[in-house]
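Chains R and B, in that order, give the protein sequences.
Basically our numbering = 1-based index in the first sequence + 605.
Basically our numbering = 1-based index in the second sequence + 605.
Take every hint as true, because none was put in to throw you off.
Listed next, the stretches of chain R that the computed footprint assigns to chain B, with coverage defined by at least 3 CB atoms under 8 Å from CB atoms of chain B:
1) 651–657
2) 672–685
3) 697–705
If you're looking for bench data, these hints aren't it; they were derived computationally from the structure.
Where is the CB? At the ideal position from N, CA and C, for every residue including glycine.
2 protein chains.
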Amino acid sequence: MTVQSLPDARSHEARLDRLAEIAVRVGLGLAPGQELVITAPIEGVGLARLVTEHAYRAGASLVTTLFEDEESTLLRYRHAPDESFDKVNAWLYEGMAAAYRSGAARLAIRGSNPALLAEQDPAKVARANRAMARAYRPALDLITQYTINWSIVPFASPAWARAMFPDEPEGVAVARLWDAIFASARVDASDPVAAWEAHNRELQTRAGLLNAKAYAALRFRGPGTDLTVGLSDGHEWLGGSTRAQNGLVCNPNIPTEEVFTTPHKDRVDGHVSSTKPLSYQGTLIQDIRVRFEGGRIVEAQARTGEAVLRKVLETDEGAARLGEVALVPFSSPISKSGLLFYNTLFDENAASHIALGQAYASCIRGGTDMSADELAGRGANTSLIHIDWMIGSDQVDVDGITGEGSSEPVMRGGEWV
Amino acid sequence: MTVQSLPDARSHEARLDRLAEIAVRVGLGLAPGQELVITAPIEGVGLARLVTEHAYRAGASLVTTLFEDEESTLLRYRHAPDESFDKVNAWLYEGMAAAYRSGAARLAIRGSNPALLAEQDPAKVARANRAMARAYRPALDLITQYTINWSIVPFASPAWARAMFPDEPEGVAVARLWDAIFASARVDASDPVAAWEAHNRELQTRAGLLNAKAYAALRFRGPGTDLTVGLSDGHEWLGGSTRAQNGLVCNPNIPTEEVFTTPHKDRVDGHVSSTKPLSYQGTLIQDIRVRFEGGRIVEAQARTGEAVLRKVLETDEGAARLGEVALVPFSSPISKSGLLFYNTLFDENAASHIALGQAYASCIRGGTDMSADELAGRGANTSLIHIDWMIGSDQVDVDGITGEGSSEPVMRGGEWV
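Chain R extracted, bound-state conformation (with noise of 0.2 Å):
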């Protein structure tokens, strides 16, 4: 008899392996033939490689990695002649569109340095993402409306790293945002897979009873905030996991901790601050104050990255108008770890968050089927970005407005009543 000694499942790697696992099980649920597309940042080849694996032994065709490099993004800024910075790779837009159209998965590996463009001229940097995000218009609406099965899974870059610990010596700001990510994608459930379905559940059930409830709008309170968000006509909250259109359940984001749904984008009146910086394509945007009238921002200031704020809100017509509205408790779990991400796919499940842009027609019932003008009927926004911002904390109540007018307690204190 041979005695083998078994991986400690407690190890960086095996705890990557089954990060890779989770994003292709549960964050993609992915299918057997079925193409995937990855893109991740080039430090994170490591995980790309355990993904690609994990992926081709659940059957995948073909997994192509588009490897992003950060260092080459600022040597544009640096060395690029002006023009420059209207120019696009539409090809390679073009091509991603292409590969989900043919029915291609999407896992995009996020790690970026919340800072890399702060010292970047604010116009060159809003001329570079306009110029981006109507090249990405056709493949982000195959995302956005579920055509196909796609999630976004972290990972630990070093400079996203140091912009959270600027005191600790590196090796260890990595490893306490490594130990942050894994805790929150529950790699160390004793079964992650499980305990990814129980969480489903229990978003499922919180989103059942808001959407039992099928409130006309919802009133945030708090300081420097009293802000009513009217929802859409026929509006659904989605939480968790979802079936896209092509079948497969996927879960969008890992981690995920919030119930979302789409709010009318006339409907929105009153005052908001942010309760969390904003990192917004290598910017940091902070202390966010902003009014709306009938649901469109008519004033707005921020301590940090005010003109890339101002920059954003001049994208289109639908910029400076709500997509989005969710709720998360003070308790969760990210938000509990007491720490501050930069990085959306965290600080947007530690706080309840409205999303300036484009609005998810899976949050409208039937959207998915509805013509633009059908979803713009509802109140659905439409624009080229989506950009979400924190407002929840533990000092911000939000109550629910009912068809009648009438109100009710939905959260006290950051909490669900």
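Following the hints, position chain B against chain R.
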């Protein structure tokens, strides 16, 4: 007065930077405002970044690098289902073709592991290559027809260096390979751009002498070789830099020591033996012996990789016919290094060679404006593949056969007469 120490032009970093500059200025002849698409092994990110910087400094509008990961390729062979090997990410090849059609230049940074796929099933390798070649065809046509300026530059990957210097520690092997690359790319010349201009003039003079001769055929004779290669009607010898159809002058291969033209697809007869191993898509094919009749290979053997060779010849009708013949003196600098590179970019510049498959329209006078039928009428071959292999050595003589059938010496003992 302050005295600043100059960077050592011979340091590795400085030489790598000069290679990047040569790639942009000599290899591509990149125009201000032009887009650039780079393909690079993921280990070559450092060189890719230097090229990116030089490209932006030269006025590039946008640089996109598509990184290739050989580990992920191996994961496919190890874990993907059998159906995978007929599947290709056509959307990515179509995207590259779209980039070239819209005017982008193309740089390939190459440092493949010559033995990557040596232990994989040759049938799967052949299926994957055939699917890839079909998808790549539109992009490859834009390259081989010089619709755009393009170039290939080498990168000393650890796997390639290990294959060349199996008895050296990896660090030494990589350093020796870099030395050979830098020497062949004229990086250490006091003015590398001027050195390349002189080298290009020399190759173009040699091509001019052969064009003045306008031989009907070449005859190669040596150990295991007596091969008559008929040349296409109106063939043109080329070497060194090329003016692409967009008017930009590029050096498509760095290094380059060859003059080359298009044989007649139906007029190749006799037998020929390879004089160096051929590294084809990760398989080493050694000691090739083939016999031609009426332009077509009718017998083929190899000491290693024969199964892969046979699959290659079955790719399509043109895969068993010649698309290129090239002359390189035995005294060329790469040949004199005495090294075997297991890499066509180098080994083809150390010895006269022939290529199976697709012909270059640019090697026929007026060819880039001709229809496919006109080109075929001149004898230009068509195929999904283009694979160079070496048939020259210091023991091989080359004669030129005139239209009247008389013979005159072109090379003796591997040197120009």
